[in-house]
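Trainee: Next come the chains, spelled out residue by residue.
2 protein chains.
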Amino acid sequence: MSETIRVVVDAMGGDNAPAELVKGAVQAVQGHDTIHVILTGDQDAINTELAKYSYPKDRVEIVHCSEVIQTAEPPVNAIRTKKDSSLVVGLQMVKKGEADAIVSAGNSGAILVGGQAIVGRIKGIERPALAPVIPTENGCSLLIDCGANVDAKSHHLVQFAQMGSAYMEHVLGVKNPRVGIVNIGAEEEKGNALVKETFPLLKECSGINFIGSVEARDIPAGVCDVIVCEAFAGNVILKLYEGVGGTLIHMVKGSLMKNLKTKIGAALIQSSLKETLKAFDGSQYGGAPLLGLKGLVVKTHGSSKAREVTTSIYQCETFKKQRINEIIRDYLAAD
Amino acid sequence: MSETIRVVVDAMGGDNAPAELVKGAVQAVQGHDTIHVILTGDQDAINTELAKYSYPKDRVEIVHCSEVIQTAEPPVNAIRTKKDSSLVVGLQMVKKGEADAIVSAGNSGAILVGGQAIVGRIKGIERPALAPVIPTENGCSLLIDCGANVDAKSHHLVQFAQMGSAYMEHVLGVKNPRVGIVNIGAEEEKGNALVKETFPLLKECSGINFIGSVEARDIPAGVCDVIVCEAFAGNVILKLYEGVGGTLIHMVKGSLMKNLKTKIGAALIQSSLKETLKAFDGSQYGGAPLLGLKGLVVKTHGSSKAREVTTSIYQCETFKKQRINEIIRDYLAAD
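As you go down the protein sequences, you meet chains A and B in turn.
Position 61 (the first sequence) corresponds to 60 in numbering that gives the first Met the number 0; numbering is contiguous.
Position 287 (the second sequence) corresponds to 286 in numbering that gives the first Met the number 0; numbering is contiguous.
Treat the hints as calculated values from the structure; they're not laboratory data.
As the structure is a computational prediction, the values presented were derived from the model and not from experiment.
Treat each hint with caution, since some may be false.
To be verified - Here are the computed lysine to aspartate or glutamate pairs in the EDC-like style, where the Cα-Cα straight-line distance is at most 20 Å:
(1) K252(A) - E274(B)
(2) K260(B) - E274(A)
(3) K238(B) - E188(A)
(4) K257(B) - E274(A)
(5) K238(B) - D217(A)
(6) K189(A) - E72(B)
(7) K195(B) - D150(A)
(8) K252(B) - E136(A)
Work out the full structure: start from the sequences and follow the hints.
Mentor: Structure (structure tokens):
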């Protein structure tokens, strides 16, 4: 029999809570026999949603919580004071080993702070890193770090490269993933102080396939599999990606609705265009893991629908099966 | 009679040199009576191109140069050793006051290094800043700095905000331009050390319309007119903008060519889509000025066609007429 995986789903976090979170959790247990889901949050609200579905009841559990951390709350304070929130209770379960992982679409800052403060870091990892998957022309790349800890040092970036490699290879199945560092030019002598300091360390680092500097221009074409950068740059890349994509798609759609002629044209290209744009949507790869913690914490988009929640739960399953944290520990031991 | 403006065009720089450079220069003198162009580069090659057009000969001058700085050459060395290159000779003319401005589509690093080393900075400006205009959904924004000087300090960023404001207001005609600083969240307490240090300085800075932090996600929608950031982030933003835009447009075009049905649809939407994508093309605003120098240095895309060259020359004209450098000096005096 396969190993069971226990995943907490923060049922109260995100724009579509609890409905889409519960639906996503139900779909995950329906899809994979080995998944056991624990929904944290308001029992009544969760039960109302659960009543809509038929599912294996022995693999869906509710842990009632009386509090919710809102999206706009200051993270540190929220984690400290709302001990009975769906997020904090869920993180505590991961810490205690009562669950393997937690998926939350809630307050990003609180997830990052809580993940570090409650679940705790793998020994030797100085900074956990948030590593979303971004779409590229022919697949996807892992962008690490987009977390809350800005102003990282060079040795942190080396750990990001190692953790990102382990994740891309063993969770997303990319053989010998190409690791690049975000830089302002392709030449080794270019860059800011941090990049110049990190570059030789990555070159020397065994166990990763370092290909050198990558320019932001080449990221969407899929120039490498693991994109290493400091969190400020990572955040800019992640958000600009969404921003430029969103604006361009909005403009293209506007140009299709301009007049009768373009509307007829739009009808003819609709399905092909839709398929193309779907390929350029990172949410199909699940949420962003916070790598380097003793358990797995996955942050999904605040606007996540059931599908992304289900995918994120499957992602937790692969993460556990592939023993990613053991691989990360091996990297640290080899250093 | 209007004031004459003398603009050097580096006829040998860029992918389309000298043909498009010469053509752009000719179009500029044909368009505006007050423009005098000096083409630096190989006399024979330039004359061959000039022979294709009829134009006011008294306003087009050639200064022969025996050398060319190639795109891939290390900038500092190129500027130091190639004294008779079309770029260095042109920069020297600006320095000596024989020309008001220079437009080059050549080696970016050499333009930045040469601009600082040869033309020289305005007294009080510690770092000149490269400030390209990027397209937004409803217009454009100035992104400052995208230059070669990474790891800037907070007071440099304040000067970038002042120079960028002067440029947006007086060259691009944006009244009371909104200045934002690139950050990883909208709240004042967020950011890396540099942003946290710069934020209060921008708040206190008189003469600019500081609106606070802007997230990269909101840049394409046109959240502010002057986007202030350190050069590493600026470079990432500029290049990712091009990269995501290029990849998405390529994917959309691919989806249009998929089968007969989509091809018919494509024919119906073609002109509307083309117009939309044209609006999202920054090159219509000319090249990127290197602000803070005693004369004006404008860097255009390496792939510039005649139209961008002409626009860049007109941009130099407005820059001089509006006495941008005097406005920048006034800002410095007020500090």
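Trainee: Indicate, hint by hint, whether the structure satisfies it.
Mentor: Hints, one by one, checked against the model:
Of the supplied pair hints, the one linking K252(A) and E274(B) holds, its CA atoms being roughly 13 Å apart against a limit of 20 Å. Restraint check for K260(B) and E274(A): satisfied, since their Cα atoms lie roughly 15 Å apart, inside the 20 Å limit. For the given pair, K238(B) sits about 19 Å from E188(A) by alpha-carbon distance, which is consistent with the 20 Å threshold. Between the alpha carbons of K257(B) and E274(A) the distance comes to roughly 11 Å, so the proposed pair stays at or under 20 Å and holds.
For the suggested pair K238(B) and D217(A), the alpha carbons sit about 8 Å apart, so the restraint of at most 20 Å is met. Using a Cα cut-off of 20 Å, the hinted pair K189(A) and E72(B) holds, with the two alpha carbons roughly 13 Å apart. Distance hint between K195(B) and D150(A) is fulfilled; the C-alpha atoms sit about 12 Å from each other, no more than 20 Å. Annotation: proposed proximity of K252(B) to E136(A) holds, straight-line Cα distance about 13 Å (limit 20 Å).
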